[in-house]
Amino acid sequence: MSTTVAREGVAVRAAGVGKVFDVGGGRRVDALVGVDLVIDKGEFVSLIGPSGCGKSTLLRLIADLLQPTSGELVVNGKTAQQARLDQDYGMAFQQSGLFEWRSVERNIELPLELKGWDKARRRARSREMLELVKLHDFAGQMPWQLSGGMQQRVAIARALAAHPELLLMDEPFGALDEMTREHMQAELLRICGEMGTTVVFVTHSIPEAVYLADRVVVMSPRPGRITDVVHVKLGRDRSELTREAGEFFEKVTEVREALRRPDGSGDEVDSAQEALNLRGLGVDDR
Amino acid sequence: MSPQLRRVVAVGIPPVVFGLLLIGAWQWWVVAFKVEPFVVPKPSDIWSQFVDQIDRVRAACVVTGFNALFGLVLGALVGFGVAVVTNRFRLVAELVNPLAVTVAAIPAVVIVGVLNNMYALDSQIGRRIMVTLAVFFIVFVQVTKGLRQNDATQLELMRSYAATPRQVLAKVRLPNTMPYLFTAIRTAAPIAVIIALVSEYFGGTQDGLGSKISGTLNSSNKALGFAYVLGGSVVGLLFFAGSSLLEYVVVPWQRRRHVR
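So the sequence lines, in the order shown, correspond to chains B and V.
All the letters of the first sequence, read from the start, carry residue numbers 2 to 287 under this note's numbering.
All the letters of the second sequence, read from the start, carry residue numbers 16 to 275 under this note's numbering.
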């Protein structure tokens, strides 16, 4: 695997991470149990699974928007909380979450404003980010004047404005139409390739997970856990042709089969087992 | 004709025609059934009184308009401020909320009576306080609602930026209340005029629309009384138009909420 910007080391390390939600009335739900996962710097990892499998919960634990009930989580070599306080990561959601009263460029500048950057530096950076997402003609527009796809590009530019090493994305293209979606996927790969960003990407689309990721982490519900890890060896230079390649379809099939296994034990498929062994992570033994 | 103009005409013409028809029917009814002018005056008489006495009507409109504006501005400021404080401190909310509801439930007439006794006969303070109270409640309720209804994604983003509670208030919660604040002001503006007018009706200085209406409607010149009522309608409409324009300018995203 090669990246444009070489980064060494581990971006995220989860060891035995679990999350129990108290849903009231004395009832507790295991949203996530025994998650072991190591994400290298510069790696693109997709989290996929049906609803209730805890993929969004795992992303929010990494972001310190939620706190784990058990296990240990290290982000950028520190606690998840410290990583959040240091603004080590950028984040984007299915909803763009743009601030309606701020222009496009002032939306992008918000995280920098909270970091205490001066205005000139903020403006220079927002211009750079707008170039990157190809929206430089829209700097002064208001969010509601843009299409859904453009709003999502602004949200991504904002997430990357501080040049974070880590980008956390929760179904960011989920609300977009198929054409826009494929275009955005290619753009995201290009941008993160240029910047050497580590990406954790939550999705429920199998082709999207495979097209984007170096590794697809397959998850299962009740209780939410990792059941499989599929390595996608398509290289980093992916184009529209990648979507039509035989290798691509093989990986899509592999992920689909991993998702279909009821208990997610992963014994039937050799390649999945091999994938787990390769990096020594994934399935929890218990 | 430009498309915009055509739309304005298409939307504006029917209600105008309908209104004119109603006035025409009123005129016909008074003439045809020989209704006495001290019972119900003819629209044409009201209009000629309105034109002839425009200086007196305008003077009364200015007094009432200023009373309403005073209460509208003060009530909006206090309502907004109290909503922000009660949202921040739970204890204050528990103290203020029941009180605000109780005061809002007391009929305006009662409060005006008390206020009129508290202040000198030539004072405008009583009616202004009454308008302030009415506007305060509308704004307070709406802004409180706005402060509680925040976009979950925006709040998660602010947390990911390690923002302090003060920064979240300044950069998310307060801007989010703006549509609620200006909708409340638009709702409260015509009500402010009515409350001012009604408060004047029940005593105090005799220079506002309310006093003039109560004085003239009981006299033989009923048409002049109706001319003052017409003046009150004009002030109410101006307040509504002004506050709508304010909302249009200050919260433009309210016009097109397309942000996902």
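Derived from the structure by calculation, the hints contain no laboratory data.
Even for Gly, the Cβ is constructed at its ideal location relative to N, Cα and C.
It cannot be assumed that every hint is accurate.
Short derived list, chain B residues pointing at chain V, Cβ under 8 Å [as the list claims (entries may be wrong)]: (1) V24; (2) L66; (3) F94; (4) G98; (5) L115; (6) F139; (7) M143.
Please list, smallest to largest, the hint numbers that this structure does not respect. Violated hints (numbers, rising): 1 and 6; every other hint is consistent with the structure.
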